[in-house]
Amino acid sequence: MSCSKFETDIALYAGGDLPDGRIARVASHLAECADCRALADELRAEQALLGELRDEPLDDAMLAAVRQRVMAKVSAKTRQPSRLYWSLALAAALILAAVLGRPRHQTKRVPVARVEPAHVAPAPRPHLVAVRHRVVRPRRRRPDAPAAQPRPPLLVQFVTDDPNIVIYWLVDQKPQGD
Amino acid sequence: MTAWRRENTGDLAAFERIMSQYERRVLGVALRLLSNPHDAQDAAQEVFLRLYKHLGDLDETRGYEPWLYRVTVNICRDIARGRRRSIGLEEVPDQIAPQPDAYHDAERAQRREIVRRGLSCLGEKERAALVLRDVEGLSTREVAGILGSSENTVRSQISTARVKLRDFTGRLLRRRS
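Heads up: the protein sequence lines correspond to chains Z and B, in order. Once you know that position 68 of the first sequence is 68 in my numbering, the rest is easy, because the numbers rise by one and skip nothing. Count along the second sequence starting at 1, add 1000, and that's the number in my numbering.
Don't read these hints as lab results, they were simulated from the structure. All C-beta atoms in this analysis are idealised placements derived from N, C-alpha and C, irrespective of residue type, glycine included. Please note that the accuracy of each hint is not assured.
[Unchecked claim] If you only want the chain B side, here are some residues facing chain Z, beta carbon under 8 angstroms, derived:
(1) 1019
(2) 1028
(3) 1112
(4) 1136
(5) 1169
Chain Z with its partners taken away, still in its complex shape (with noise of 0.2 angstroms):
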């Protein structure tokens, strides 16, 4: 087997990252092989640098200028109002628009023909008239009838000048005998 069909495996075999299966030859082709061992050395070189990288300084104005920005348009987000908020003023809203354009129970205005005063007739003047009245009673009972006996009702006739009218008015009476 040539040396290139080794590197993929090489190159795992210098960060740990082989599996045990293939470790085994790997590591007997290293021992066997000055240029594979260079190879995984140099592997090794770079592996490190790659993680000195992780603890090179950043520059601090580029994360102040980061956190900077992102604060920015957080509070910005926060100042603003939610989307809840503007659903449940919308929704405010709609409902008062509802209540206040809903019908009322209105009367409908039925036209009225305009009568001119000239068709009009005068109204006759009432013709008052002198009323009196009499008090019609039923006859006394003895004082030794019965207490408390249901009266008949009592009859007030209304005689007026016109021979016409007359008014009759019922009054009920107290039991006798209270």
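Knowing the structure of chain Z, use the given hints to seat chain B on it.
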């Protein structure tokens, strides 16, 4: 009460504390995946805005790092696809300035810079797998979970990426010498 719960009640200060805890890691991963500071900042910003949006949905007991890694990788992938531009070996300048942080010696810093440039020459999936495995130090299983792939697929991507990166750095070093 945990920081997440406090945040759920609208405490912006708690969210900022959470962000400060993870911002370096998120921005660092975005930088390595995108190789562009502006794109990486945009990606990190989007990651934390999504974090704020989904705080209430996250399961505290499962931890936030897997979620943050997954979202970071997805956002960086979207940004990279929108950009649709990859850096070839010819575009990498011969003179790579060492980082001014005096992190170890200048020679090592320069080699790290070469490796960083080499990452940008990898394919999208290989780069993500290698960054999560070799830079972030996650296990193969964790990487597979974040990328939504099988462990065998991740192993294949990692081995290919390591070999490609080694070829890239070797060619660049030979060209410079």
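Hint by hint, here is what the structure shows:
The closest approach between the C-beta of residue 1019 (chain B) and any C-beta of chain Z is roughly 6 angstroms, which is under the 8 angstroms cut-off, so the hint is satisfied. Annotation: residue 1028 (chain B) was flagged as interfacial toward chain Z, and the flag holds, the nearest CB pair being 6 angstroms apart, inside 8 angstroms. This hint holds: residue 1112 (chain B) has a C-beta 5 angstroms from the nearest C-beta of chain Z, less than the 8 angstroms allowed. Interface hint at residue 1136 (chain B): satisfied, since its Cβ lies 6 angstroms from the closest Cβ of chain Z, which is below the 8 angstroms cut-off.
Contact between residue 1169 (chain B) and chain Z, as hinted, is supported at the beta carbon level, the nearest pair being about 7 angstroms apart and thus within 8 angstroms.
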